[in-house]
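Visitor: Each chain is listed here by its residues.
2 protein chains.
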Amino acid sequence: MKLASLNHGRDGQLIVVSRDLKMAVHAHDIAPTLQFALDNWHEVEADLQHLYRNLNDGIAQHTFPFNLALCSSPLPRAYQWADGSAYVNHVELVRKARGADMPESFWTDPLMYQGMSDGFLAPTEDIKVADEQWGIDFEGEIAIVTDDIAMGTRTEEVHGHIKLLMLVNDVSLRNLIPAELAKGFGFFQSKPSSAFSPVAVTPDELGNSWHDYKLHHRLTVHLNGELFGQPHAGTDMTFNFAELIQHVAKSRAICAGSIIGSGTVSNKDRSSGSCCLAERRMLEILEYGHAETPFMKFGDTVKIEMFDDSGHSIFGAIEQTVVRYKHHYHDEDLNHHNPHHQQ
Amino acid sequence: MKLASLNHGRDGQLIVVSRDLKMAVHAHDIAPTLQFALDNWHEVEADLQHLYRNLNDGIAQHTFPFNLALCSSPLPRAYQWADGSAYVNHVELVRKARGADMPESFWTDPLMYQGMSDGFLAPTEDIKVADEQWGIDFEGEIAIVTDDIAMGTRTEEVHGHIKLLMLVNDVSLRNLIPAELAKGFGFFQSKPSSAFSPVAVTPDELGNSWHDYKLHHRLTVHLNGELFGQPHAGTDMTFNFAELIQHVAKSRAICAGSIIGSGTVSNKDRSSGSCCLAERRMLEILEYGHAETPFMKFGDTVKIEMFDDSGHSIFGAIEQTVVRYKHHYHDEDLNHHNPHHQQ
Chain A
1 MKLASLNHGR DGQLIVVSRD LKMAVHAHDI APTLQFALDN WHEVEADLQH
51 LYRNLNDGIA QHTFPFNLAL CSSPLPRAYQ WADGSAYVNH VELVRKARGA
101 DMPESFWTDP LMYQGMSDGF LAPTEDIKVA DEQWGIDFEG EIAIVTDDIA
151 MGTRTEEVHG HIKLLMLVND VSLRNLIPAE LAKGFGFFQS KPSSAFSPVA
201 VTPDELGNSW HDYKLHHRLT VHLNGELFGQ PHAGTDMTFN FAELIQHVAK
251 SRAICAGSII GSGTVSNKDR SSGSCCLAER RMLEILEYGH AETPFMKFGD
301 TVKIEMFDDS GHSIFGAIEQ TVVRYKHHYH DEDLNHHNPH HQQ
Chain B
1 MKLASLNHGR DGQLIVVSRD LKMAVHAHDI APTLQFALDN WHEVEADLQH
51 LYRNLNDGIA QHTFPFNLAL CSSPLPRAYQ WADGSAYVNH VELVRKARGA
101 DMPESFWTDP LMYQGMSDGF LAPTEDIKVA DEQWGIDFEG EIAIVTDDIA
151 MGTRTEEVHG HIKLLMLVND VSLRNLIPAE LAKGFGFFQS KPSSAFSPVA
201 VTPDELGNSW HDYKLHHRLT VHLNGELFGQ PHAGTDMTFN FAELIQHVAK
251 SRAICAGSII GSGTVSNKDR SSGSCCLAER RMLEILEYGH AETPFMKFGD
301 TVKIEMFDDS GHSIFGAIEQ TVVRYKHHYH DEDLNHHNPH HQQ
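Going down the list, the protein sequences come from chains A and B.
For the first sequence, the tail end lands on 343 under full-length UniProt numbering, and the numbers increase by one without skipping.
For the second sequence, the tail end lands on 343 under full-length UniProt numbering, and the numbers increase by one without skipping.
So that you can see chain A by itself, here it is in the shape it has in the complex:
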């Protein structure tokens, strides 16, 4: 089935969306929010699936046209966003461009960072950045959403724990990364809020394109209306989602509603293009000695989507514009301010 959240309150309002993304219906009688549904999946799944069937069959009541511009992220905020870097070929390329070898262990031990999850951008929300010089980039990825998973769970036990899949735009501030990683504690300011596809889908919805814990479709990225890349997400994925879950669960349990990302989708076949500017710039550095493609400027747009074999959008599109963020300083906030004694 396909689920989405209308932009309402802090956690959205759960709706069920038809397979063709044309119609929707409120699910509040079953679960008010997607996080509630994930927290109580065993109790709500059958009712949600029933509603989804009725919606597709045209017999659900109180339906309305699906408008993805009214959606928040399926999970507007989440308890976990753990992002892997499963397309190791991409990592190797980044290293090669700066003249560094990649350790052999990167082919067997997944790279992963803990991302911020306290607020995600809506799929059509502007990407607000204070400074264009921070090196604004998109990253097209696949993500899964899990239920509760015990500490120590291994790949062979992962079956059934992947409840939903989504697309991601993992916004990155490339020029903040080198100094931040040099400090040794990983990404922080260089990874602001990510955006997810309007619709999250259950694995059964994907049919034969979901196997080996990989999603076997191309991920299509447009920059300012022009095709930028469409690498195949099922190709060159060194670590599948079962292996990424095992990595997360090594020393801790995983809470329902946790989101785990694949990292930038990337193929060794260069003709399929890239899912982020950084990769294209690396290829230019290797070819010409310098990068030619600039990072995103204010006004630039990125569109990330995935089509099934019949050319229909599966998740709806992430479509975002980069805009300048201006922080407004509120003097009234300071009326009672004494910097040496906060009450």
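What the hints contain is simulated information worked out from the structure, not anything from laboratory work.
Values in this document were obtained by computation on a predicted structure and should not be read as measured data.
A couple of the hints might just be wrong.
[Unchecked claim] Derived contacts from chain B toward chain A, CB cut-off under 7 Å, selection only:
{"#": "1", "residue": "Tyr113"}
{"#": "2", "residue": "Gln114"}
{"#": "3", "residue": "Thr124"}
{"#": "4", "residue": "Gln189"}
[What the hints assert, rightly or not] In silico lysine to aspartate or glutamate, EDC-like type, Cα no more than 16 Å apart, as pairs:
{"#": "5", "chain 1": "B", "residue 1": "Lys183", "chain 2": "A", "residue 2": "Asp11"}
{"#": "6", "chain 1": "B", "residue 1": "Lys183", "chain 2": "A", "residue 2": "Asp109"}
{"#": "7", "chain 1": "B", "residue 1": "Lys183", "chain 2": "A", "residue 2": "Asp148"}
We put the beta carbon where it would ideally sit given N, CA and C, even for glycine.
Starting from the structure of chain A, add chain B where the hints point.
Guide: Here is chain B on its own, set in the frame of chain A:
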């Protein structure tokens, strides 16, 4: 006021606790959970404060003895756990012990990592670790809980945004850290679930001991019943909580209920001891050329608390035992498992 959560459901059940930590009263008519209270602070604060006054005055109804063994973490799960390393003296020491200089910028640019927040240990819950060889350590810290904070907020605008303070045991798996940090993406498996003090307190509760956005009391740590350290949390804190908030907010907004940690409390005055085993081991390496104090073993206990000037516990104690974790493989999970096609 003082707030806690009874262990109930995924998000606990909010209670108000008396100043002396002896009595409590349910707050469910005002806010079912602490996250709900933080999401709606302006609407609920006055009612919670009123209930707190009545509880302390002995005129609240339906009160019951406060039992911290029945508490979950004040926030059993949270949307953000961002942990700084504000006692830079500690960072310098760690570096010195391995013969590395610390960059000068560490004195002006805070170190911070994104921690996992999808599940925290209760204050008296066992620390379950699969392998003693992972180098099990505690870290005594102070943490704040914020309301919503706009992107770009600066130190001079932070006033009023710190809603609660807590103590933390930031459990660390020291022997997993070097390999993990060498990969460049920061901590992940080496930072399992943290534990927080049973009680979270509002800044007004701390009187003159809360100023300059620092908490001016000693943090007391006992290991296996013996005093291990009691450094002063207001001394040698290079970055105060206003500066840590500014660091988090540089490229993103902060959601209500976000937890920001100070990092291990540490004083230059060595006679006050340490708040983690790693620091004592570093001091031993510098003095004797090798570490003498082992990491925690199964059965070891750690107790972290803070007393006011009259010797009363402010937050209640974190008191935890390290135990061996055994993952049970459930064959029934695999009944329908086909590794090459997950439905």
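Visitor: Kindly indicate which numbered hints from before are broken by the structure, ordering the numbers from low to high.
Guide: 3, 5, 7
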